[in-house]
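S.K.: Chain by chain, the residues run as shown.
2 protein chains.
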Amino acid sequence: MGGDFGPQVTIPASLSCLAKNPDLNLILVGDEAKLKEMFSSEIARYSNRIRIIHASQIVEMDESPQKALKNKKDSSMRVAINLVREGKADACVSAGNTGALMATARFVLKMIPGVERPAIISTMPSIFGHTYMLDLGGNVDCTANQLYQFAIMGEEVVKALEGIDAPKVGLLNIGEEDVKGNEQVKSASKLLESSSLNYIGYVEGNSINAGATEVDLIVTDGFVGNVALKSIEGAAKMIGDKLRASFTDSLISKLCGLCAYPVLKKFKASIDPRMYNGASFIGLRGLVIKSHGGADEIAFETAIHLAEIEAKHDVARKISDKIEQALMGQEAGS
Amino acid sequence: MGGDFGPQVTIPASLSCLAKNPDLNLILVGDEAKLKEMFSSEIARYSNRIRIIHASQIVEMDESPQKALKNKKDSSMRVAINLVREGKADACVSAGNTGALMATARFVLKMIPGVERPAIISTMPSIFGHTYMLDLGGNVDCTANQLYQFAIMGEEVVKALEGIDAPKVGLLNIGEEDVKGNEQVKSASKLLESSSLNYIGYVEGNSINAGATEVDLIVTDGFVGNVALKSIEGAAKMIGDKLRASFTDSLISKLCGLCAYPVLKKFKASIDPRMYNGASFIGLRGLVIKSHGGADEIAFETAIHLAEIEAKHDVARKISDKIEQALMGQEAGS
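Sequence lines, in order, name chains A and B.
Heads up: the first sequence begins at 21 in the numbering used here, then just goes up one per residue.
Heads up: the second sequence begins at 21 in the numbering used here, then just goes up one per residue.
There could be a bad hint or two in this list.
Remember, identical chains collapse to one label, so a pair may be satisfied in a single copy or spanning two.
Calculated pairs, DMTMM-like style, for lysine to aspartate or glutamate (alpha carbon to alpha carbon, straight line, at most 25 Å) [as the list claims (entries may be wrong)]:
#  : residue 1 : residue 2
1  : 286       : 253
2  : 90        : 136
3  : 257       : 51
4  : 40        : 62
5  : 288       : 269
6  : 93        : 197
7  : 90        : 51
8  : 90        : 316
9  : 206       : 82
10 : 257       : 196
11 : 206       : 136
12 : 338       : 203
13 : 87        : 51
Because the hints were derived from the structure by calculation, they are not lab data.
Just so we're clear, the structure is a prediction, and the values are computed from it rather than from any experiment.
Looking at chain A on its own, in the form it has when it is part of the complex (with noise of 0.2 Å):
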C-alpha cells in the first residue's frame, strides 16, 4: 500500500514479476477489497501464485516511526513483516515511510544476536559494473566497530548476489592517506587491516561512481552514506537537466537532438536509476527490502527481483553466520 502511489504501481509490478518469473510466489499485503476490485482479473489469473493477505491499516509516508509502531499494528508493512519472522515469507518488499519499516522491522525481526546496528546497503551504478555501499540509512554516529561490522555483512550480500569470493571492501575518507579522517575511521580502518575480509584500504567519494574494477563495496556511516547518495542524484538530475536545456534551447539543436535520439535513449537507458531501485535492511533475522517512495512499476519490479535474490540466496541467514563466527574471532582474539 505503501509508496507515492501505492497499489497502482506495486500491483502491475508484481503481476509482471509473476509473469516473468514462474517460481515467484507472491503475498499481497493490504486492503484486501481495495485489491481485488482493482485488480480483480488480473489477480485472478494469478490465483495459484497470489495470496492476499488484509491488512487494516496504512502507514503515512510523513509518520512518525514512534507512532507508526504503536498505533499501526494492522498495518500492510507491519503484517507484511509478521509474515516474514513467522516464516510465511521469504521476504517483504515496500515502498513505504522509510524510518517506520526500519523501526518495525527491527522491532518484529529482531537484529542478529551480536550486531550493533541494522544498516540498509544499496548498489551505485558505474561504467563498468557496480558498487555496493552501506550504511544508506539512518545510523548517524557509528562506532569503529559498527563501520567493521557494516563491512562484514555488506561482504556477505556481495558475495551472494555478485556471486564472487573476495569482495575487495573500501572504507569511505577523504585523503588515500594513513593521516586523514575522523577518529571512528582510523580505527575502523585498523579493525578492517586485521580481519580477513579483502580490505582495500581508505577510498574517496569519487570511487562511489567507479565501478567494481576498483571497489565492490564502500563502508561509511549513515549521515556520510546519505549525504553521498543524495549528492550524486543531484548532480545525475542537474546533468540530465543541462543535456535536455542544451538539446531544447534552439531549433538547430532540436533537429540536433532529433538525429541523436536513439543514441540519447539508450544512453538515458544506461543511467535510468530505476535499474538500481532497492535497499537491502541488513543486520536483521530476516530479509526486508526497501523500495524508493517514488517508484514506477519497473522500479518496483527491480526491488521485487532483488527480494528473490537476496530469499534465493538465503543472506540474512548467511549474515548471521558471518556475524557468529567474527564475534568468536573477537572472543578468541581478546
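Model the placement of chain B on the given structure of chain A, informed by the hints.
M.R.: Below, chain B without anything else, positioned relative to chain A:
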C-alpha cells in the same frame, strides 16, 4: 611552482589574466631563473605589472604539512603567503599541496581572532546559478559552534561575491525533519535559527547542485563536504563516460554524435569544472585561494580571477568584522 604542471600552467594563466584585466598586478613567486628562462619575452611584455620574487624551494604535492612548515621556509607557497601577511600582496593563489598550503596559511597569517577553525569554501554548479558550500577542507569533527561560524563566514563570502543581501543558508543533513541528524547538526541548527542569518533549515545532498533558487550557501563539516564534493565529481565523470560511450559504440552512434556535435560541445562547456576552479581559505587574516592541482590554464585563470574579486571586496576584513560582531552578540546574549 605548485600543482601537477607548475609554471607551464600557472604562468600562461597569469599572462592571460593580465591581458584581460588592466587593473591587475601579479607577483610571481618561485624559481626566478627558471621562470625568466621559460617566459622571458612574455614576462617582459608586462614588466610594469609583473614582479618576480625568488623562492628557492618547492613543497612537493605529497609532502606532509608538518614537514613543509618545518623544512620549506623558502618555498614558493610560504614566500607568497608571507607577501600577503606583509601587505605586499592582496591574495595568494596556489595550485600546490592543499594540506601544506592550509598549514602554512594558518601559521603565517594566523586566524581571525575568535575564529575556531579556518574553512574552505567553493561554488557548486547547478542548472541556474550556483551554490556555495563549506567546509570542503579537513575539519573532520566539527562542533555546533564551528558549523555556526562557518555559516557566518560563508555568508560574508556569498554577500561580497554575489552582491546579494541575505543569502539563503542551509545546513546539510540527512532529512529535512527536526528529528534527523547527529547532535552537532541539531545544535548548530538551533544556533542558526537564533542568528541574524537567513537560515532556511536543513537541506539534503541533492540540494548541492540545485542552485541558488533553492539555497545560496550550504554548511557542513569537512568530512561530509569533501565526500559530497568528490561524490559529485565521480558521478559527473561516470555520466560523462557513459555519454561518450553511447556516442562511440557503433558507426551509427558515431554519426549521431557528429550530427549532435555542436550541442554536445555546448553541453560540455556548460558543465565545465574549470569554470568552478578555486576554493577560498577563510577565517584567516588574509586571502588564500587554492586551485585544483590538476588545473589547466583556463582553470587556473578562474582561480586567479576569484582572488581578484575577493581582494576587491576585501572579503577577509568583512569576515573579521562579522565574526567580531557575532562574538559580541554571543557575549551580550550569554
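S.K.: Now tell me if each hint is right for this structure.
M.R.: Going down the list of hints, with the structure as the test:
no., hint, in the structure
1, 286 / 253, "both (19 Å within a copy, 23 Å between copies)"
2, 90 / 136, "within (23 Å within a copy, 44 Å between copies)"
3, 257 / 51, "neither (35 Å within a copy, 45 Å between copies)"
4, 40 / 62, "within (15 Å within a copy, 70 Å between copies)"
5, 288 / 269, "both (19 Å within a copy, 15 Å between copies)"
6, 93 / 197, "between (50 Å within a copy, 24 Å between copies)"
7, 90 / 51, "within (20 Å within a copy, 72 Å between copies)"
8, 90 / 316, "neither (30 Å within a copy, 59 Å between copies)"
9, 206 / 82, "between (36 Å within a copy, 20 Å between copies)"
10, 257 / 196, "between (29 Å within a copy, 19 Å between copies)"
11, 206 / 136, "both (19 Å within a copy, 24 Å between copies)"
12, 338 / 203, "neither (30 Å within a copy, 34 Å between copies)"
13, 87 / 51, "within (20 Å within a copy, 68 Å between copies)"
Hint compliance for this structure: hints 3, 8, 12 are not met, and every other hint is.
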